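Novice: Make a model of the complete structure from these sequences and hints.
Chain order of the listed sequences is A and B. Numbered as in this note's numbering, the first sequence ends at 257 without a single skipped number. Numbered as in this note's numbering, the second sequence ends at 268 without a single skipped number.
Don't read these hints as lab results, they were simulated from the structure. Incorrect hints may have been included.
Here are the simulated lysine to any residue pairs, SDA-like style, with alpha carbons at most 20 Å apart [to be verified]: (1) K194(A) with L171(B); (2) K194(A) with S49(B); (3) K52(A) with S49(B); (4) K22(B) with S168(A); (5) K20(A) with D172(B); (6) K20(A) with S176(B); (7) K194(A) with G51(B); (8) K53(A) with E53(B); (9) K194(A) with D172(B); (10) K22(B) with V173(A); (11) K53(A) with I52(B); (12) K53(A) with V173(A); (13) K194(A) with F38(B); (14) K53(A) with Q197(B); (15) K52(A) with H198(B); (16) K52(A) with P48(B); (17) K194(A) with Y45(B); (18) K20(A) with L171(B); (19) K251(A) with L105(A).
On a predicted model such as this, the values are computed, not experimentally measured, just so you know.
Chain residues, written in single-letter form:
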Amino acid sequence: MQHVQILLLREWHRIRGSLKDLVVNFYLIWPFLFGIGSGYLAPLTYFGVNPKKATMLFVGMILLQLVIVAHDCAMHILAERTGANVLQYHVTVSSFMTVFVVRSLFSVLFCIALMMPFLPIVKIFLGSYFYTVHTSWPLVVAATALGSLLSVSYALVLSSFISDMTQSLNIWVRFIEPLMWFGGMWVPLFAIYKALPLAGRIARYNPFMYVTEMIRSAVLGDAIYTSPLTCSVIIVGTSIMFFMLSYYLLKKKIDAV
Amino acid sequence: MFSPHHRAVFYQLLKREWYVFKGSLVDTMINSLMITSFMSLLYGYFLPSLGIEYAYRIPLFIGAMLIFVITIGYNIGMVLAQDLQSTKITMYHFALPLPYWYVLLAYVVSTALKILAVTLPLVSVGLFLIGAYSALSISIGKLALIVFLALIMNALLFLCLGIGLSFEMYLDNIWSRILAPLFTFSACFYTWGRLAQHSRPWSMVVLAGPLTYCAEGLRGAMLGGNDYISFPICVAVISGLSLFLSYCASIIIRRRLQLVLPRKTGRP
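Specialist: What follows is the structure, given as structure tokens:
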């Protein structure tokens, strides 16, 4: 337990230096830019003044932010594994299980802390143009937390099977971008189905689709989206699977005894 | 002005830049092709299924393709920023026995060529995928001019950023504080004319975004008609911005690289 505390404290010290930048970027700049750009200006030219449709289009963008934060956390773990061997050192002084749990837990909490205020801040910027008449805020909180869990677990899997930082760009484009584009970042599942039924069927197998479906359902309260319960079960199940996979891969990679 | 010696060094610099870029060209093309297909699906199929006017997909797609210009420019700038922190090859190039602006020109041309090499095939593929060819009304002269100017402007922008910012600053804050605002307040993901119809104040704000003129100029040159910002205005603004950025680049280079050359030699 003492190791867990010390390792968590170490992670906190690591990010403390950039805390001011993170707060400015994630609590102010990103919500403002995404809110104005994707939540107001673009939908205004697409649909005219239609807050409900604009909100439907915009809320999926939270997935991009979730994945960026999770990817950054995972890349940091990768850098510490392949660069200065800090990860290996931590494993030696504690245990692989402790290090893995601490890193995963910290990444999920970090992701939740940065992303939780995203939609409320956008609401402040956009006012009534952000359609929240039927919003269930507790469900939004749950969806953001589950989205963080899934994003971090997936990013950990990716960072576990690559060998150095130079592959990180390819990983992003080839293994993350497709899941975001077919994960409801721009348009919900029903619209993908309507446009291309085959793409819709494929998108149903994408766990990230359930994050955006849950958030859309929580914000807009429509029955057209997959039910939050189904989404939660799929997200939690997939996250557990990803954590187990990354545990196995990472253990093998650093040759932890 | 362009002596044989200077010309030889200039071409060698271009060759060197291209050689370095060639190493990652295949990966860059594969990655960009993937994103092009996603964008084609989004603008050609998914967004129209939500009720967006079908004809609107083409100007949207053309504007959105500027994301490649920015992404490739960002990567080139990142290599520069990283180099200035580690191997400092850029410093060596600027210390070569020729006026620094020859080296700057070589960097600008090579950056512009790299962006063009990736984006040109992608735009062609993307337009094919969304079935836009029949709707195009391309003016070759206008297109060549606007592409040339847009490439030069973006190359200068990323040279300024890559040389002017520290590597940490570049990695951590450039998207949130420079590139994302550029995109948000530029008519890339929508057309300026439509925005002006719905919100006059915001359309005025968007006029301050340099990418607005790149996107609208490209739309005007490829689609014709009067729906976009007038072509001469786009050309004038991008040219003016390029001149301003080249002035900024010359200051940034002299300050950051601390060229220990007599003032006269450093000038054209």
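Novice: Taking 20 Å as the top limit, are the C-alpha atoms of K194(A) and L171(B) close enough?
Specialist: The hint is violated at about 39 Å.
Novice: Can the restraint linking K53(A) and I52(B) be considered satisfied, given a maximum Cα separation of 20 Å?
Specialist: Satisfied, since the Cα-Cα distance of roughly 11 Å is no more than 20 Å.
Novice: Are the Cα atoms of K53(A) and Q197(B) separated by 20 Å or less?
Specialist: Holds: K53(A) and Q197(B) sit about 19 Å apart, inside 20 Å.
Novice: Would you mind confirming whether the straight-line C-alpha gap from K194(A) to D172(B) stays at or under 20 Å?
Specialist: Outside the cut-off at roughly 39 Å; violated.
Novice: Decide if the proposed pair is consistent with the structure: K20(A) and S176(B), CA atoms, cutoff 20 Å inclusive.
Specialist: holds, 14 Å
Novice: Given the hinted pair K52(A) and S49(B), is their Cα-Cα distance within 20 Å?
Specialist: Holds: K52(A) and S49(B) sit about 16 Å apart, inside 20 Å.
Novice: Does L171(B) lie within 20 Å of K20(A) when you go C-alpha to C-alpha?
Specialist: Distance ~15 Å between K20(A) and L171(B) Cα, so the pair holds.
Novice: Take the C-alpha atoms of K194(A) and G51(B), compute the straight-line distance between them, and say whether it is at most 20 Å.
Specialist: It holds: about 11 Å lies between the C-alpha atoms, which stays within 20 Å.
Novice: Keeping to a limit of 20 Å between CA atoms, is the pair of K20(A) and D172(B) held or broken?
Specialist: holds, 12 Å
Novice: Mind checking the alpha carbons of K194(A) and Y45(B) for me, to see if they're no more than 20 Å apart?
Specialist: holds, 9 Å
Novice: Would you mind confirming whether the straight-line C-alpha gap from K194(A) to F38(B) stays at or under 20 Å?
Specialist: holds, 17 Å
Novice: Hey, K52(A) versus P48(B), does the alpha-carbon distance stay inside 20 Å?
Specialist: Since the Cα atoms of K52(A) and P48(B) sit roughly 17 Å apart, the hinted pair holds (cutoff 20 Å).
When the structure is compared with the earlier hints, violations turn up for hints 1, 9 and 12 and for no others.
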